[in-house]
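All chains should be built: construct the whole structure from the sequences, respecting the hints.
Sequential numbering from 1 applies to the sequence shown in the working numbering.
Label-pair ranges, simulated between beta-carbon atoms: (1) G47 - G134: 37 to 43 Å; (2) P148 - H83: 35 to 41 Å; (3) R77 - A10: 40 to 46 Å; (4) L17 - P150: 20 to 26 Å; (5) A146 - G47: 38 to 44 Å; (6) D141 - G64: 31 to 37 Å; (7) S143 - R79: 43 to 49 Å.
Since the hints were derived computationally from the structure, they do not count as laboratory data. Glycine is no exception: its CB is placed at the ideal position from the N, C-alpha and C atoms.
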Amino acid sequence: MSGPMDDEPACSMERSLQVLGERWTLLVLREVLYGRHRFAEIQSSLGIASNLLSDRLKVLVDAGVLRTLAYQEAGSRPRQSYHLTPAGLELQPVLGALQQWGDRHRPRPAGPSVCQRTRSTGRAVHVGFLDDEGREVPMEDVSLMAAPDPQSSSTSQSG
Numbered sequence: 001m002s003g004p005m006d007d008e009p010a011c012s013m014e015r016s017l018q019v020l021g022e023r024w025t026l027l028v029l030r031e032v033l034y035g036r037h038r039f040a041e042i043q044s045s046l047g048i049a050s051n052l053l054s055d056r057l058k059v060l061v062d063a064g065v066l067r068t069l070a071y072q073e074a075g076s077r078p079r080q081s082y083h084l085t086p087a088g089l090e091l092q093p094v095l096g097a098l099q100q101w102g103d104r105h106r107p108r109p110a111g112p113s114v115c116q117r118t119r120s121t122g123r124a125v126h127v128g129f130l131d132d133e134g135r136e137v138p139m140e141d142v143s144l145m146a147a148p149d150p151q152s153s154s155t156s157q158s159g
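Shown next as structure tokens:
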């Protein structure tokens, strides 16, 4: 039996990139994380063409990464502001990892433009892998392994 998901890639990274893989998308998300929620604020900060920003916002809203809230300034037509959903908030470590990598491997001479810190203590934080008990795992001890094929029966699966 086939269904609407039959054309979906099996790889979760590939499915994620269908939503997040365009350059402007992660920058739009960065701006929303910085507290810029209005179209004009995001556009002005990024210098992005309005048609590109409209497309990126539509993709993110349709994918459930952003949600819209209506607002209206006096004398203006109603407009939408853009806010992270729980799925969007879960992308903060992804953006943090990209920033961390860029700071390490593509550093600015003037130093980082943003520092990642805890709200409660102000201590520096970094993105890493945690095991199922919450302990950080060194990067060299992490490997990606293919998951068992759900189409195969449990008796025919091999390591």
